[in-house]
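*Asks:* Sequence:
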Amino acid sequence: MLTRDGTPAPDCLVARVVPVETYPSRTPPLVEVHPVGALIQHRMDAALAAMDEEHAASDGDVCVFPFVTRLREMARAWRDEDRPSRRPERDDAAAADDDDDDAPGTGTGRGEEAETGDAEWDPVAIDAELASLAMTMTERGARDGTAGTAGDDDATGTDRPGVGAWTDESVRRSIVAGPPFTEKKSTFQGFLLSDVTSLEQVDAMLRALQRDSRIARCSHLMAAWRIALRGDPRDDPDGCVWAQDHDEDGETGAGRGLSHLLRVTQSADVCVVVARWFGGIHLGPARFQLINNCARDMLERCGFVEGKGGGSKGRGKSNNKGG
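Note that the UniProt record's numbering gives residue 52 to position 52 of the sequence shown, counting from 1, and the numbers run on in steps of one.
It should be emphasised that the hints constitute simulated quantities derived from the structure, not laboratory data. Any given hint might turn out to be false.
[Said to hold, decoys possible] Straight-line distance between alpha carbons at most 20 Å, and here's what the computed SDA-like set of lysine to any residue pairs gives: (1) LYS184 - PHE65; (2) LYS185 - GLN266; (3) LYS185 - LEU48.
[Stated by the list, open to error] The following label-pair restraints were derived from C-beta to C-beta distances: (4) ASP168 - ARG70: 43 to 49 Å; (5) THR167 - ALA46: 16 to 22 Å; (6) ARG214 - GLU306: 43 to 49 Å; (7) VAL17 - THR167: 37 to 43 Å; (8) PHE65 - ARG207: 42 to 48 Å; (9) GLY284 - ASP45: 20 to 26 Å; (10) PRO19 - GLY280: 20 to 26 Å; (11) SER198 - SER25: 43 to 49 Å.
Cβ atoms here follow ideal geometry from the backbone N, Cα and C, with glycine treated the same way.
Generate the whole structure from the sequences, applying the supplied hints.
*Replies:* See below:
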């Protein structure tokens, strides 16, 4: 097999499966395939889709072992596909160019591997600034009665009644900011916007975040959104027409993981964003788990998934006042 950048694949794939509260009765578990970048894009999509298909075929029963068996078969088939075509030998100059691309500080744009030369932030100072930002957003939301409120309108059928008008300012005031946390000098912070009814609102949220100088300095601003354009996501999610996508902002694989999280938790009409400030120490594949955990924490805080203290599912709680 070949990896996303065309290099030989590792000897084996590792599937990390994380059960969610609604597994196996209603949703498949959260799936990650490692090493990150080990599969080209369409093969990674096929691997994740295989879990959805196995869960649908299981009729509410556990489906991890059938998925692993199927993933093993897919990997063997991909290896057979790649075996006949040998990669052409490259000259020394091309190999030297590739060596330069992998050198620290060259900025290849492939996520953490390219970050050594980026600005490195003092995690203590960043934490203090972001904690202040989260408090400001929470106080503003409590004052205006906007932050953290999630779809309690009667959006049923195809016309989605109850969806009101919005402005850039109302979007900015409705963003919920979570508490920042630091792992090995890298700082992460989550943000969430509920009651999202259009891609324009997603763009407005990202613009609002990027206008804040503290967030504008982050290394990556990763986002995923899932919007029910037609149908009722609470009563008939399978009958909905969805607008769902992600923006990885250079951290390849992170956005796809966030999209998968929204899908398996059946979150609807929501955009979740995770910002990361690189502190100079590479985290490796562990960073994707941290990014997903940060996003999941925001979904729990805003009532989209059930947390340790209980909560609602799907479109959130209307009495949660954010970060």
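*Asks:* Does each hint fit the structure? Answer for all of them.
*Replies:* Hint-by-hint comparison with the structure:
no. : hint                        : verdict
1   : LYS184 - PHE65              : violated, 34 Å
2   : LYS185 - GLN266             : violated, 33 Å
3   : LYS185 - LEU48              : violated, 31 Å
4   : ASP168 - ARG70: 43 to 49 Å  : holds, 45 Å
5   : THR167 - ALA46: 16 to 22 Å  : violated, 41 Å
6   : ARG214 - GLU306: 43 to 49 Å : violated, 31 Å
7   : VAL17 - THR167: 37 to 43 Å  : holds, 42 Å
8   : PHE65 - ARG207: 42 to 48 Å  : holds, 45 Å
9   : GLY284 - ASP45: 20 to 26 Å  : holds, 23 Å
10  : PRO19 - GLY280: 20 to 26 Å  : violated, 34 Å
11  : SER198 - SER25: 43 to 49 Å  : violated, 32 Å
Checked against the numbered hints given earlier, this structure breaks hints 1, 2, 3, 5, 6, 10, 11; the rest are met.
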